[in-house]
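Peer 1: Knowing the structure of chain G, use the given hints to seat chain E on it.
Taken in order, these protein sequences are the chains called G and E. Per numbering that gives the first Met the number 0, the very first residue in the first sequence carries number 0; after that it's consecutive. Per numbering that gives the first Met the number 0, the very first residue in the second sequence carries number 0; after that it's consecutive.
None of these hints come from the bench; they were simulated from the model. Mixed in with the good hints, there may be bad ones.
Same chains, same label: a pair holds when it works inside one copy or across any pair of copies.
Unchecked claim - Listed below are the simulated DMTMM-like cross-link pairs for lysine to aspartate or glutamate, each with C-alpha atoms no more than 25 angstroms apart in a straight line:
| # | residue 1 | residue 2 |
| --- | --- | --- |
| 1 | 85 | 59 |
| 2 | 238 | 81 |
| 3 | 163 | 248 |
| 4 | 107 | 81 |
| 5 | 339 | 253 |
A quick note: this is a predicted structure, and the numbers were derived from the prediction, not measured.
2 protein chains.
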Amino acid sequence: MPGLTAPSDYSQDPPRHPSLKINSKDPFNAEPTREALISSYVTPVDFFYKRNHGPIPIVDDPEGYRVSIGGLVEKSVELSMDELRKLPKYNVTATLQCAGNRRTAMSKTRTVKGVGWDIAAVGNATWGGAKLCDVLEIIGIPKLSAISSLGGKHVEFTSVDKCKEEKGGPYKASIPLRLATNPGADVLLAYEMNGEVLNRDHGYPLRVIVPGVIGARSVKWLDRINIIKDECQGFFMQKDYKMFPPSVDWDNIDWSTRRPQMDFPVQCAICSLEDANVINQGKITVAGYAVSGGGRGIERVDISVDGGMNWIEAQRYQKDTSYVADDDHYADKWAWVLFKAVVDAPENAEVIAKAVDTAANVQPETVEAIWNLRGILNTSWHRVRVQKASHIVKSNL
Amino acid sequence: MPGLTAPSDYSQDPPRHPSLKINSKDPFNAEPTREALISSYVTPVDFFYKRNHGPIPIVDDPEGYRVSIGGLVEKSVELSMDELRKLPKYNVTATLQCAGNRRTAMSKTRTVKGVGWDIAAVGNATWGGAKLCDVLEIIGIPKLSAISSLGGKHVEFTSVDKCKEEKGGPYKASIPLRLATNPGADVLLAYEMNGEVLNRDHGYPLRVIVPGVIGARSVKWLDRINIIKDECQGFFMQKDYKMFPPSVDWDNIDWSTRRPQMDFPVQCAICSLEDANVINQGKITVAGYAVSGGGRGIERVDISVDGGMNWIEAQRYQKDTSYVADDDHYADKWAWVLFKAVVDAPENAEVIAKAVDTAANVQPETVEAIWNLRGILNTSWHRVRVQKASHIVKSNL
Numbered sequence: 000m001p002g003l004t005a006p007s008d009y010s011q012d013p014p015r016h017p018s019l020k021i022n023s024k025d026p027f028n029a030e031p032t033r034e035a036l037i038s039s040y041v042t043p044v045d046f047f048y049k050r051n052h053g054p055i056p057i058v059d060d061p062e063g064y065r066v067s068i069g070g071l072v073e074k075s076v077e078l079s080m081d082e083l084r085k086l087p088k089y090n091v092t093a094t095l096q097c098a099g100n101r102r103t104a105m106s107k108t109r110t111v112k113g114v115g116w117d118i119a120a121v122g123n124a125t126w127g128g129a130k131l132c133d134v135l136e137i138i139g140i141p142k143l144s145a146i147s148s149l150g151g152k153h154v155e156f157t158s159v160d161k162c163k164e165e166k167g168g169p170y171k172a173s174i175p176l177r178l179a180t181n182p183g184a185d186v187l188l189a190y191e192m193n194g195e196v197l198n199r200d201h202g203y204p205l206r207v208i209v210p211g212v213i214g215a216r217s218v219k220w221l222d223r224i225n226i227i228k229d230e231c232q233g234f235f236m237q238k239d240y241k242m243f244p245p246s247v248d249w250d251n252i253d254w255s256t257r258r259p260q261m262d263f264p265v266q267c268a269i270c271s272l273e274d275a276n277v278i279n280q281g282k283i284t285v286a287g288y289a290v291s292g293g294g295r296g297i298e299r300v301d302i303s304v305d306g307g308m309n310w311i312e313a314q315r316y317q318k319d320t321s322y323v324a325d326d327d328h329y330a331d332k333w334a335w336v337l338f339k340a341v342v343d344a345p346e347n348a349e350v351i352a353k354a355v356d357t358a359a360n361v362q363p364e365t366v367e368a369i370w371n372l373r374g375i376l377n378t379s380w381h382r383v384r385v386q387k388a389s390h391i392v393k394s395n396l
Numbered sequence: 000m001p002g003l004t005a006p007s008d009y010s011q012d013p014p015r016h017p018s019l020k021i022n023s024k025d026p027f028n029a030e031p032t033r034e035a036l037i038s039s040y041v042t043p044v045d046f047f048y049k050r051n052h053g054p055i056p057i058v059d060d061p062e063g064y065r066v067s068i069g070g071l072v073e074k075s076v077e078l079s080m081d082e083l084r085k086l087p088k089y090n091v092t093a094t095l096q097c098a099g100n101r102r103t104a105m106s107k108t109r110t111v112k113g114v115g116w117d118i119a120a121v122g123n124a125t126w127g128g129a130k131l132c133d134v135l136e137i138i139g140i141p142k143l144s145a146i147s148s149l150g151g152k153h154v155e156f157t158s159v160d161k162c163k164e165e166k167g168g169p170y171k172a173s174i175p176l177r178l179a180t181n182p183g184a185d186v187l188l189a190y191e192m193n194g195e196v197l198n199r200d201h202g203y204p205l206r207v208i209v210p211g212v213i214g215a216r217s218v219k220w221l222d223r224i225n226i227i228k229d230e231c232q233g234f235f236m237q238k239d240y241k242m243f244p245p246s247v248d249w250d251n252i253d254w255s256t257r258r259p260q261m262d263f264p265v266q267c268a269i270c271s272l273e274d275a276n277v278i279n280q281g282k283i284t285v286a287g288y289a290v291s292g293g294g295r296g297i298e299r300v301d302i303s304v305d306g307g308m309n310w311i312e313a314q315r316y317q318k319d320t321s322y323v324a325d326d327d328h329y330a331d332k333w334a335w336v337l338f339k340a341v342v343d344a345p346e347n348a349e350v351i352a353k354a355v356d357t358a359a360n361v362q363p364e365t366v367e368a369i370w371n372l373r374g375i376l377n378t379s380w381h382r383v384r385v386q387k388a389s390h391i392v393k394s395n396l
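Chain G on its own, in the form it takes in the complex (with noise of 0.2 angstroms):
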């Protein structure tokens, strides 16, 4: 593909921040901790997570880089960047959550397959580029449609990376046309991360952000943009990605029997303590994120020290404002809240944090009851064990 290649080593990566947890280096699966994930409200690059699944790709020909549109459609085109600059640019403030979140949780209730995650697969970014919507209409599929002239249904993204998963070939996905070519859901081909041209982690020179859906189908390193009848049939889609009941394991799996997940869920987490935290006596603060997927806000954010008996609400914020979720004060749509709370110091060592979002959804008391092969979703309330400083020092007594 035009000025877009894939190393088949990892030898050619990108140097990274060295503060960033890595749970594999090659490919580079890596999250910030707790602590800078909710130093700012738009997340810095150096912190933001990376996801990746095989070696990144590299630009040798900035200029003669193109994206393909084809498939289904009258006739094919090829964009360059400066064509694609040249279309109306947006920047929108989204939230990527990586479905494997939490999944290292996850995997404490019952083994799940998977890359561990603490609680930092997620980011808020803000993204600049041009709308899908207005791309395809380029192709001459029109704003809000279902089903394209020649029968397209699905958007299909290919990127020019090399995974195993699909055998040496490119990560790929597809979103509902219905969604690409609705102008409220903010599909974007961004080639802008944070006011700043992509870095290669994050899919320089263009990736697709889908806002309020899973990371895994916002596409990097974008190579073809596909009109397709029925949704992409890639490893990601069909063999991955997909919710899967507690009663399935490896052993009784039918992929088929399941759509890929798109959404996500309503999700929180506490990131000003860890699980082996010493605190002492008084009040302590209880401060992290709280995110819902396909737009929705998030209405609550409750705090609990006594397992569960008792709440109290955490204040919300995006940007320096307080956060109130409607119409007028909206600020940004698909991105999250950070939080934060002081309370007593727990008499019980364990500190809870759930959220509900502007649906009324909530997140489920326990993770056995959305426990899952692949480790997805984990959305359960957020529980940090913490000790008190008092009852080490009696039991040194």
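Peer 2: Just chain E now, kept in the frame of chain G:
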């Protein structure tokens, strides 16, 4: 208002089907039996729950009836039924659910205020009418508008009924303009229900249908549509139908801290069993409905007969066809699915159902965690307590 008036007492209320379970007589609030509710995919008008706040209005001059559209618009208009019928007609099969559905069960935890409902304050009908976005286009508000040229951001619907909560004034509610002008949201001004003229209980001559949103926003007996800057200040928007945390009770409530509820969360209930049922050894049929708000489909319904240790997946269907939630087979986006599973009779006398929606949102395990003083949106796992015939025989020995 032209052609449509509200009596001041209940003497002119229409006749209702005698099988309905009456939860309040004046105003008339009633629901079908569990068995009747799931006897068909499209709920017959007779068995559709009735939710009223005053005497049922009367159309005394069908020819003279007009709906007024005003507020922040360049020019107010009045539309007759003939004019509405000349607009493109849409038939949308959508499930309406009262936010108070399953309130009686929530009250068992701690008393809540409101009409007591079992599990049938929900119904699925095919609504016929004009799209609100087409009507708004007539008065110069384009599709997909979030704000009108004169600064309108909400669309208020005013009825003609007389509610004691509004001090004898009419019921009213609003939805965001963004939703009202979105063709994909399928908001209707409906004049038909299941292919027949709306009957009086359900809003004759004209009502609003807001699919995927709590029933309280689908205003009946429509008198006026107002384009307004801030959301409707009526009782049912500002002092009711808001979701509070369990920590808030009548002595510490601050209504201004919450948004009016719009979308409802994932829900399901077992309708083939009553709490009092005596069941035989062997197999029993567990059947019911599952639905989620905001156009999210149902991904799965799980049944347990051992207190939630093990789960069996139920079959799901819409109309007469097996339900597959992809873009090809997603027959009715806004409608419930019915479900059915044949399972072993429970050992511990409890049958549980819970649903997962396409955004992987789940129902909460217990009612305690979502208890709220107004008793809305009880979507906790549905549990039915039954008795085994053999146990009864034994106790008679």
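Peer 1: Can you give the numbers of the hints that this structure goes against, from lowest to highest?
Peer 2: 2 and 4
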